[in-house]
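So the sequence lines, in the order shown, correspond to chains A and B. Quick note: the first sequence uses this note's numbering, first residue 5, plus one each step. Quick note: the second sequence uses this note's numbering, first residue 38, plus one each step.
Calculated directly from the structure, the hints in this document are not laboratory data. Cβ atoms here follow ideal geometry from the backbone N, Cα and C, with glycine treated the same way. Take these hints with a grain of salt, some might be off.
Computed from the model, here is a short list of chain B residues facing chain A with C-beta under 8 Å [stated by the list, open to error]:
| # | residue |
| --- | --- |
| 1 | Ala-253 |
| 2 | Ser-375 |
| 3 | Lys-403 |
| 4 | Thr-406 |
| 5 | Gly-407 |
| 6 | Pro-440 |
Listed below are several chain B residues computed to face chain A (Cβ distance under 10 Å; list not exhaustive) [stated by the list, open to error]:
| # | residue |
| --- | --- |
| 7 | Ala-117 |
| 8 | Pro-120 |
| 9 | Glu-447 |
| 10 | Phe-451 |
| 11 | Ala-452 |
| 12 | Val-463 |
| 13 | Gly-464 |
| 14 | Thr-542 |
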Amino acid sequence: MILPLELLGWLVFVVPIAGALFTPVFGKIHPTLREVMAVLVGFITAFLALDMVLDMLISPTSIDNNLITWVITAGIEVEFGVLIDPLSVLLACIAGGIGSLIILFSVGYMTGHDAEGNVVKDPSLTRYYFFMQFFVAGMILLVMANNMLMTFIGWEIVGMCSYALIGFWHNLKEPSPVPEYKTEGEYNAASGMKAFMVTRVGDIGLLAGILLLFFITGTFNYTEMLQTDAWAVGLFHLLPIVAILIFAGPIGKSAQFPLHIWLPEAMAGPTTVSALIHAAAMVKAGVYLVARIIPIFLEVMQTVPEMIVFFQTVAAIGAFTAFMAATMALVQDEIKKVLAYSTVSQLGYMFMALGATGLVAESVSAYAAGTFHLLAHALFKALLFLAAGSVLHAVQSKKMSDMGGIRKDMKVTFAAFTVGALSLAGVFPFVGFWSKELIFEALWLGGQYIIFLIAFITAILTAFYTFRMVGITFFGEKSEHIKSLESHGHHIHEAPPTMTIPLIILAVLAATGGILEIVFFGYFSGLETGALTHFDWAHLAPFALGITTIFTIAVWLVGITPAYLIYWRNKYDLSRFKDGFLYKFLWNRWYINALWYRIFVDGYLWLSNAIHARVESALLAFSGALSGGMDGVSRGWRRTMTGVLNTNVLGMMVGIIAFLLILIFL
Amino acid sequence: MQGIIDIPIPSHDLMILTLLGLIFGGLLVMLAGKWSEKGAQALASLVLLGGLALNVFLLLGPEVWSGGEVLYEVVWLGSADSPIMNMGFRGDGLSTPIAILVLGLGLFSILFSTVYMKNLKQPGLYYSLMVWFVAAMVGVIYATDLMQFFVFYELMLIPAFVLVYVYGVSEDPVKRSKNALQFWIWTAAGGIVSLFAVFMLFGYAGTMSISTLTSASIPVEIAKFIGIIFLLGFGMKLGLVPLHVWAPPVYGEAPIPVLILLSGAMTKTAAYGVIRIVIPILSEGLRGYASGLMVISLITMFYGAMMAISQKDLKMMLAYSSISQLGYLMFGYSTMTSIGVNGAAFQLINHGILASLTFFCAGALKMKTGTMKFDKLGGLAPKMPVLATVYIIGALALAGTPPMSAFVGEWMIFAGAAERTALAGVGQPFYLVMTVLAVVATGLTAAYYLWSIRRIFFGQVPEGMEDARDSPRLILVITGLMAFVVVILGVWPWMLWRFIGPVLTGVVGGG
């Protein structure tokens, strides 16, 4: 509105990149300047993204703005451009908007107090702000890109920043939370590396898929891909494999089974980083990419019916992951871990809905459900993470068993957290209710009853673990840990305004976000060009309630009531289950993590070392023996030809050269 | 024709001046070394800086800048109208950037040596050999004639051998000579094998001029035979598994600056030979070997990566990494597609920079901590922030992370394989599997590099290293500059594409 749309599409990621690059400069001048600038850059980015959203609301459009085309070799062009359409702008707004709130929150969060109550700044905050801004920039670059190669670049930048930020506290001296590492610093560094490596596994498929798709479609560009008449028809039967290879990327980035294992460890970073990874960036990248290519693949499915395998895979993996992660969340003790598993589970919902687009007749309802849940989840998960961060900051422990009974001491945080929890559990009228309702409806009306059943059971589990978390953290008796803190004169108190303001903003959004549904549908339905016109948006009725609403109400009753009775009222004691197989199975994450680790880390290292010890050593010894014979010759010469500088060998070489010269000239 | 700058002298003189300057400069360095080590250092640096500047002029000059070439040939053998052998200089979008790479690496390793090589015996010899080593490589790169190519190709082994033998890191001279000899035997053998192929080519085509041979029609059967001999020869020098056995001992033996020239520059001359000689001249014959070569390259990539992760020592890890990365180059060639070969050429320059960058970091680490063993290092990031940043940039780049340069080369190489898959059509899973496996190799690369970062820079500082600090400023400037180039090339790959692309157009015949 204020600036031209084409310019906004570029500025929205160029500004945070510039902000990141200047962070070290500002950091040299003054630490406060560095933080002010980071917050400012965050808000400028958010403003630019919001401006684009407003433009889209007034007149939805789809612009492919290409800046540079590089022709590498005949037929292979690499483009550098942006695609501005409602989907990319929405994601940019989530990344920029929530990102800016998180950066503001960081100013308070990354400041601690020492024993005398003096303010202590983390010494490596320049690194922190650099990567935070770069992270946001990478995410926005990913969503704004008009071609898959550029998306992949943003994708990897996000991965790299997550690696740096999860392992941010890499030299902490406290003992590690797990026995494999000596110190917490080593654990954090290992967690960062794990996140990078596991997502990398998915990226392998993604990169191979992008390149193969290029040679089928002849382009990297999303818009051009839709013109399917240019495709190499002879290769259409490769497409299902290519599509599944591409989906490997989202599996990794959005932490779906079997690559979900990195996300819980990603909690090792500062809570702000967790919030950024879970709500605004990174895990949303996978959902975005799938949402971006689905219209193309739906188009393809009309000629290649086998493409349905892709949609089945997406839906099945989403459903399985949603259920699996929800069961794991039931037994967690760290508040951030509960939230981490809940993210994995909620992302599963999005993939369920997106996968269903290819399976149901009303593909638009499934597509809208998936994308609206993305928005809803971004709002309430950012809220939950930041509120959890506020608790952690006050309580100085990650464990819920170290909390309890702090609702009176942290009223704002408590209220905000509850709003987030209600939303996550899908309670009316919070935003999560509306988005979950849409997913239920799309699955039910589309006749996908198996997936619907899994979604329904998972929703019950979600409601249960969410209120278990609220109960343990804020209600009941104060824990020993808090009592000992208070006896040392450290009273639990509310966070500073830089932390509570983002909480309040997000809480309001999570509480009233349901209204966005009508905005959201209107936002897409006005489109006349571009990939998203594949769907019949006008067909959608906002705020539709129906038979599935009964299921949603059942979820509240069956899910929340037991949690209330067990964790608030203490009517039942579940501690006897702690030795049972089921508890151990869930606590050990279905043993998937251990199994993967055993095969792909230990197994790979074992194999490498074995080849090193047997094959490589033998080869080197053989070669050494060969030249050993020659060495004997050289030593023989040394005895006869005295020379300081190993004249003999030089002589040998001169001989060879002479030989060559004779060959040449005679 | 428009260049960035106008040069007052003919462009080909720049190349002649470079080569002569290096050869005679080396002599002067030797003489200067008799009196003063400082003098030898300064002179050697100046000689290389001069060569570098001349080649930058060449690159920005009108011919190369606009995609043309500078060619200068004198008859070496035979009469003027039917020359048997020429001696020439070719400067184009491929040879000039590689010459700049080699000269730049030479300059940096000499500068690095001034702080790294302490208590040097016979400094004049050391620095002059370094200069001559670079001179021979530059001679290879400019070559217009096969015989000229191989004369310089063999000549460069002399300084390399002496540098390893005299200045090797082992105390025991027997061990040093053993490692150096092993290196020499293998690479010389590689050269001689290739030379045999050269004579066969001469026998069939009656010329040794590379450009004449490119347009000559060689029967496919014969091209196949010659091609395999060439590949064997260049494969030895490149260190393709299982011909890599010379590399680990000599990489372990050579001091860091020499190692940089060996791994960053010398192996690249073999890769350059493949792209300049083997592919253009014999592409028809080579098509039959594409799948076999692809498998060998893939084995090299995987084997190198697996050996790298099993090393206990940073220097050896980097050495195996270098072997693994050369597999990527060969993989790009073996796709026999335009994009794959372009990617390999891009990666050739990238890997030269990146391998050297990481080796410089290893050397700097050794200077400050006295060791390169992983189990003795740790937690150094807060102590050496600049070095840690630079190493991490290099490591992430080698692992194929955008926006660093290696990603650009790597995706192009993999795109070559993807194009093969598309050309093979449905029902030919071989190339599909090759494509995916090649990308898997980047994952394995990331594994060992990230693990090395963790073991060196994160966690707890071991006892005795509490006082470790960042390296001397000179090293930080060198490595920082290289890291900067890596990022710039990653963000703006057109800088290199615009030179390489036109030269390689049509090199694989259609493709």
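Query raised in the report: Of the numbered hints stated previously, which ones are contradicted by the structure, given in increasing order?
Result: Hints 1, 3, 4, 5, 7, 8 contradicted; others consistent.
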